[in-house]
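Novice: One-letter residues, chain by chain:
Protein chains: 2
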Amino acid sequence: MLEFIFRRASLLRWLPAVLLAAACASPSAASAKAGPATVERWGTFEIELTGPKDGNPFVDVSLDATFSQGDRNLTVLGFYDGGGKYRVRFMPDAIGTWTYRTRSNHKSLDGRTGKLSVTAPSPGNHGPVRVAGKHHFAYDDGKAYLPVGTTAYAWIHQPAALQDQTLKTLAAAPFNKIRMCVFPKWYEYNRDEPAIYPFERDAAGQFDFSRPNLNFFRHLDGRVRDLMKLGIEADLIIFHPYDEGHWGFDRMPPDADDRYLRYLIARVGAYRNVWWSLANEYDLLKKKTPADWDRYLDIVAKQDPFRHPTSIHNGEPDRIYDPRRAPITHLSVQHPNTGLIASWRTQFDKPVVDDECEYEGNFEVPWGNISAEELVHRFWVGFMGGGYVGHAETYAHPKDEIWWSRGGALHGQSPARIAFLRRVIEEHGPIEPLTNSWMWTRMPAARHGETFLVYYGPRQPMRLTWMTLSQFPLSKDGNKPHPRWRFQLIDTWNMTVTDLPGVHEGKISFDLPAKPYLALRAIPVR
Amino acid sequence: MLEFIFRRASLLRWLPAVLLAAACASPSAASAKAGPATVERWGTFEIELTGPKDGNPFVDVSLDATFSQGDRNLTVLGFYDGGGKYRVRFMPDAIGTWTYRTRSNHKSLDGRTGKLSVTAPSPGNHGPVRVAGKHHFAYDDGKAYLPVGTTAYAWIHQPAALQDQTLKTLAAAPFNKIRMCVFPKWYEYNRDEPAIYPFERDAAGQFDFSRPNLNFFRHLDGRVRDLMKLGIEADLIIFHPYDEGHWGFDRMPPDADDRYLRYLIARVGAYRNVWWSLANEYDLLKKKTPADWDRYLDIVAKQDPFRHPTSIHNGEPDRIYDPRRAPITHLSVQHPNTGLIASWRTQFDKPVVDDECEYEGNFEVPWGNISAEELVHRFWVGFMGGGYVGHAETYAHPKDEIWWSRGGALHGQSPARIAFLRRVIEEHGPIEPLTNSWMWTRMPAARHGETFLVYYGPRQPMRLTWMTLSQFPLSKDGNKPHPRWRFQLIDTWNMTVTDLPGVHEGKISFDLPAKPYLALRAIPVR
Chain V
3 MLEFIFRRAS LLRWLPAVLL AAACASPSAA SAKAGPATVE RWGTFEIELT GPKDGNPFVD
63 VSLDATFSQG DRNLTVLGFY DGGGKYRVRF MPDAIGTWTY RTRSNHKSLD GRTGKLSVTA
123 PSPGNHGPVR VAGKHHFAYD DGKAYLPVGT TAYAWIHQPA ALQDQTLKTL AAAPFNKIRM
183 CVFPKWYEYN RDEPAIYPFE RDAAGQFDFS RPNLNFFRHL DGRVRDLMKL GIEADLIIFH
243 PYDEGHWGFD RMPPDADDRY LRYLIARVGA YRNVWWSLAN EYDLLKKKTP ADWDRYLDIV
303 AKQDPFRHPT SIHNGEPDRI YDPRRAPITH LSVQHPNTGL IASWRTQFDK PVVDDECEYE
363 GNFEVPWGNI SAEELVHRFW VGFMGGGYVG HAETYAHPKD EIWWSRGGAL HGQSPARIAF
423 LRRVIEEHGP IEPLTNSWMW TRMPAARHGE TFLVYYGPRQ PMRLTWMTLS QFPLSKDGNK
483 PHPRWRFQLI DTWNMTVTDL PGVHEGKISF DLPAKPYLAL RAIPVR
Chain P
3 MLEFIFRRAS LLRWLPAVLL AAACASPSAA SAKAGPATVE RWGTFEIELT GPKDGNPFVD
63 VSLDATFSQG DRNLTVLGFY DGGGKYRVRF MPDAIGTWTY RTRSNHKSLD GRTGKLSVTA
123 PSPGNHGPVR VAGKHHFAYD DGKAYLPVGT TAYAWIHQPA ALQDQTLKTL AAAPFNKIRM
183 CVFPKWYEYN RDEPAIYPFE RDAAGQFDFS RPNLNFFRHL DGRVRDLMKL GIEADLIIFH
243 PYDEGHWGFD RMPPDADDRY LRYLIARVGA YRNVWWSLAN EYDLLKKKTP ADWDRYLDIV
303 AKQDPFRHPT SIHNGEPDRI YDPRRAPITH LSVQHPNTGL IASWRTQFDK PVVDDECEYE
363 GNFEVPWGNI SAEELVHRFW VGFMGGGYVG HAETYAHPKD EIWWSRGGAL HGQSPARIAF
423 LRRVIEEHGP IEPLTNSWMW TRMPAARHGE TFLVYYGPRQ PMRLTWMTLS QFPLSKDGNK
483 PHPRWRFQLI DTWNMTVTDL PGVHEGKISF DLPAKPYLAL RAIPVR
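Note that the protein sequences, when read in sequence, are chains V and P. Under the numbering used here, the residues of the first sequence are numbered 3 to 528, in order. Under the numbering used here, the residues of the second sequence are numbered 3 to 528, in order.
Chain V on its own, in the form it takes in the complex (with noise of 0.2 Å):
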C-alpha cells in the first residue's frame, strides 16, 4: 500500500511523517465484494474497485457511481489511483442507509452496487460549510462557521519539516480556512523546484497533462485530511499565473485543464473541508478565457454533488470577478478596501471574503508591507462590513520561509489580535452592518439580534452619550430603544473586553477611555 512512497528514496526526505500517518488512516472504504460499510455523516465512503490498467487509464476509462436514499440520488465521479485500483469517494449528507451502483465503459466497473450504512457525526463533525442566509455561512449541521482565513499558497510543496512545522503552527493559530494552490508556485521567494510535481512527464521529460502524477494526489489528499482534522477549511486554488510557462501548468490545452478539474474533484471532493477556489488572481492567467471560466465552473456545478463553496478570486482591485453565476457561492476578493465589503454584500447578494486586504510584513510592494495594527484594523472593518477578511504574512526570512508562500512558523503581532477578533465575533454571532445612519458610514456598527457593536479604529472618542444610541436601530418590536443597556469595552489591539460598571438608562453618558482602536458593545438588559 505504501509503494509509491518507496519508489524514489529521494522523495522520502520530502514527505514528512504527517503524511506518512494519514496515508494509512485512510477513509472508510468498501471493496464492491464486501457486505454494507459503515461511515459516518459527512466522512468519506471509498469504493475500491479493480479495473484495466493498460493504456491510459486516466484518459480511456469513464467511471462515476450514483448513491441513492429514498428518492435522492447522488452522482460521483471516479478516479484512476494506479495499479489498476479505481476508486469512488462519496461523502453522505444524511444518516441511515444508502445504495450505490456503479457506471462505467468498462465492463470490469460498470453496474456494480453495494450498500453503505451512515451513522451520526462524530464529535467536531459539523459538515461541509454552507452559505447562511443571504451573507454568512454555516455547518451543514448548522452550527454557524465565521471564516477566518489564512493563505499558505505553497505549502503543500515544501520540505517535509517545513510542512510538518506549518501543520504545528497552524494548530496553534486562530485560523479555520487556508487558501492553499494545488499546483507549486514559481514566484519571487519560491523559485525552487517542488519534489513532486502533479503530473508525470513523458520519456521526452515533458509533463504528460494526460497523467496526473499519483504520488503527488495522494499527497494532496493527505494534506487536505490533515486539515480535517485540525478543523480547517482547504481553501484550494485550482489555477493560479505564478507559473508563468516555467512548467506550464498554467497554460495547459483545455482538455487537460477540464480533466484536471474532474480528477480533482473525484479525489478531494468527498472531503468536506473541500472549498473551490477556481483560480488566485484568475485576471492574471493571461492565457485563459471568459469562456475557460465558464467551462471550469460548468465542471463544478455538474460533477460536485456536495456543493463546496466555490469562488474565484480577483487579482486587480476593480476586476472582482462577478460571483452571481451559478456555482460561485461566495466573493473571494483582493482589496486593500475592507470598508467596501458591506456595500458588495448589498451590491450581489452573497457573502463576502476578502481573502487578500494586503498583508502584514515588510515587503518592498505594498501588497506585502503593512503593519499588524493596520491589517488588525482592516480585519475589524471588514468584519463589522458584515464580510470576513483573510489573513498572511510576508516577512522576510533569511532561508525565504515565507509564511504567506511556504507556510513554516509565523512571525508577526497580528494572529494573536485575529484570535481574539474571532472569539469575540464568534460570541457576538454573524454580523449584520449598519446602514441607517451616516454614522455609521465612518464608524462601523453593527446588530446581532438585539446587541450592538461598535468599532471606534483611529478614532478616540472620550465619551459614549446617547447621541450614539440613538442612532441605532429601533428594537425588534420596531417601536423603541430599549430603555436599559449594559456595556462593554474591547480592546482591539490589547485584547481585552470589559464589562463596564452598571446598568445605564435615560440619557446615557459615559467616559471612554480616548484612545484607538477600541470597540464597544451595548447589550439590552432585561
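Since the hints were made in silico from the structure, they are not lab data. Warning: the hint list may mix true and false statements.
Since the list gives no way to pick out one identical chain from another, each pair is judged satisfied if it fits inside one copy or across any two copies.
Below 27 Å or equal to it, Euclidean Cα-Cα: the simulated DSS-like pairs (lysine-lysine) are [unchecked claim]:
#1 136 - 401
#2 304 - 136
#3 509 - 401
#4 352 - 170
#5 401 - 517
#6 401 - 289
Given chain V, work out where chain P should sit, using these hints.
Specialist: Chain P only, in chain V's frame:
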C-alpha cells in the same frame, strides 16, 4: 474715528487689543479732494466720500468706481460705512499710475475722479492667491502657495481675550489659511450669543437684514487684516447652516442674501488674503435651492474684479458641489478619504482642497475624533495625491474652548507634524501624483521635476530596491531612468529628514527601518 468702539462701553471687553491697533492701521486712503495717493501693489486703496445719511443708505444709494490703467478698467463696488461716509476699496494689481471715476445714483457721490500711484509691494506681500497650472496655487507674484489650512468657524465671535489667543496661536502655527464664518454659529459646544451681530435690530428687536451692523463689519475688516499680517488667507464662509433659524441668517430672503453678499465683497474684497467660501456644508442649508447658489456665484463673478479664490464646501461626502462652474476656482471638499483627491483632480481639472477630512480630537461623533496619527496620515495621502488637506481640532474642553469652533489654544499632536509636512512639501514643490503604476495606487508617489517622493503610510518596507525605482516614470528626456540617485528618508511622525549615505546606481538595494509613517525622496545625481 474710533467712536463706534466707544458707543457701547460693554463692547470693550469683547474687542481685543489687536483690533484696536488694527483699526488705527487703516488702509491707504484718499479723500476725493486730496491729490494722488500712494499705495503698494496688492495693497488696499480706499476712497472716502461723503454722501446722504437719511433713509437707508445701504439700500437707497448705489456706488461703484472704475479704476483704469491703460486699456484696463476694473470696477469695484462701494459701500456705506455710517455717518454719511461712503468708501470704495481697491486692490491694484499693477505698478504705476491709476485713475478712477465713481458712479452713483446720488449726485454727491457720482463722477468723482482721482489718481493713485502704485508702488512695488513691500516684503511679504505677494498678492492674492491664484490657481497655478491646473491643480495648484501661487500668489500673484508667482511665489508658490501650498494651502495648509485650519478651521476655527466662530473665532471672531468670541470674547476678546480668546480672539487674542487665537491670533497668538496662529502666529506660531503652520497654517496659512483659516476657514471662518462671517455669521455667528449656533451649534453644539457653541450656543452663546455673540457680542456683535452682523445686522442691526429694528424697533421690535428683529434683525433688519437691510442694515448691516457697522461695528460687526469693521470688526471683520480688522480680523481679515490681522490675518493678512500673519500671512494667513482668510477663507470666509459666507453662508452656513449652524443657525437653524435661531437668528435666521441661514434663511434670509433672496434680496437680503444678495445685498449682504455685495456688501461683504465691497468691504473686504480689496484685502488680498480673502477667499470666498460661498457655504460650509451647502447641502445642509435646506432652505437654499440650486438657483440660489447659481445666483450667488453670478454676484461674485460680477462684483469681484480681483478674482479671489472661490468655492462651495459640501456636507455629505457624496454631495461635492460641482466645481466646474465659474467663478469657482477649486474644490473645497469634506471627505474622510483623502486618497480620492488624485481622481477628483482628473475629474474636475481644478485644484482640490479637502478642508475637512475629519478632525483630530475626542468627540463622540466620527467627524471629530480621529487620532493625530490618523489626521497626519490623511494629510500625507492628500498632499501626495496632488491636493491639499485642512486641519482642525476637536478635543473636549472644560469651557468648550475648542479650536474648531472658538479658536484659542491648540492641544493636539498634529500641528507640529503638519508644520513638518509643509516644510517638506514646500521644499519639494507642488506635487504631481504618479499614476503610471498599480503600485502608486496603494503607496502614493509623486514627482516634482525629476525628484520623486514615495509615502509609505501604514506600510513598513524593510528595503528599497530597483523594483520601486523602475516604476518611476522615465526622466524628462523620455528615454531612460536616471542612472544615479541619492535618497532622503523622511519620518513623518518623528519629523526627521535623514540623508541616506552614498550615491546609488545600477541594481539599487538598501535597507529601510521597517516602521510605519515613513516617506522617501529620490533625487537624481548628475
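Novice: At most 27 Å between C-alpha atoms: does residue 136 with residue 401 qualify within a copy, between copies, both, or neither?
Specialist: Intra 44 Å, inter 50 Å, cutoff 27 Å: neither.
Novice: Please sort residue 352 with residue 170 into within, between, both or neither, judging by C-alpha distance up to 27 Å.
Specialist: neither (33 Å within a copy, 56 Å between copies)
Novice: Can you give me the call for residue 401 and residue 517, within, between, both or neither, at a CA distance of at most 27 Å?
Specialist: between (39 Å within a copy, 22 Å between copies)
Novice: Are the CA atoms of residue 509 and residue 401 at most 27 Å apart within a copy, between copies, both, or neither?
Specialist: between (59 Å within a copy, 21 Å between copies)
Novice: Cα distance capped at 27 Å. Does residue 304 pair with residue 136 within a copy, between copies, both, or neither?
Specialist: Answer is within: at 23 Å inside a copy they meet the 27 Å cutoff, but 57 Å across does not.
Novice: Checking residue 401 and residue 289: alpha-carbon separation at most 27 Å within a copy, between copies, both or neither?
Specialist: neither (32 Å within a copy, 67 Å between copies)
The structure fails to meet hints 1, 4, 6 from the earlier list, while all remaining hints are met.
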